[in-house]
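J.: Sequence:
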Amino acid sequence: MADTQQVDPKAERKVARLAKQISSFSQAHGGAEGQVAYLGERGARIVLVGEDGNWGDLVAPSYEIAEKAVEKSGITTHEAFDGEFAAKVKTGRYEWSRMAGIQVGGPKND
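First residue of the sequence shown? That's 1 in our numbering, and the numbers climb one at a time after it.
FYI, nobody ran anything at the bench for these hints, they're computed from the structure. Each hint should be verified, as a subset may be incorrect.
[To be verified] Heads up, simulated EDC-like pairs for lysine to aspartate or glutamate below, C-alpha to C-alpha not over 16 Å straight-line:
(1) 14 <-> 52
(2) 20 <-> 57
(3) 14 <-> 71
(4) 20 <-> 33
(5) 88 <-> 57
(6) 20 <-> 67
(7) 68 <-> 12
(8) 90 <-> 33
(9) 72 <-> 33
(10) 20 <-> 71
(11) 90 <-> 64
(12) 68 <-> 33
(13) 90 <-> 57
(14) 88 <-> 52
(15) 68 <-> 8
(16) 88 <-> 33
(17) 72 <-> 12
(18) 14 <-> 64
(19) 88 <-> 51
(20) 90 <-> 51
(21) 68 <-> 79
(22) 10 <-> 64
Turn these sequences into a full structure, and let the hints guide you.
T.: Right, here's the structure in full:
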């Protein structure tokens, strides 16, 4: 008896759509690496870092869908967002001002 798996067409379309977005990001930024982070009931976050230092992220409805999309796109993945991988992110003035605002209590609502 053959082992057959039920394929969810909606999930497969989501995987294909995410993989296409990941591949487009990779092509636009000279290649890319990624990391998948579990978000609980919300699904999973796919963090992408381009070879040029630009970064972005996508949210998948499940960790399994995120992993399949990253695998299908063919990019290198990391277990954690730390070390050399995190050091590749290029931040600009906007990010630094946002981080500083958070550190000093954010915007004041007087």
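J.: Failing hints, ascending?
T.: 1, 11
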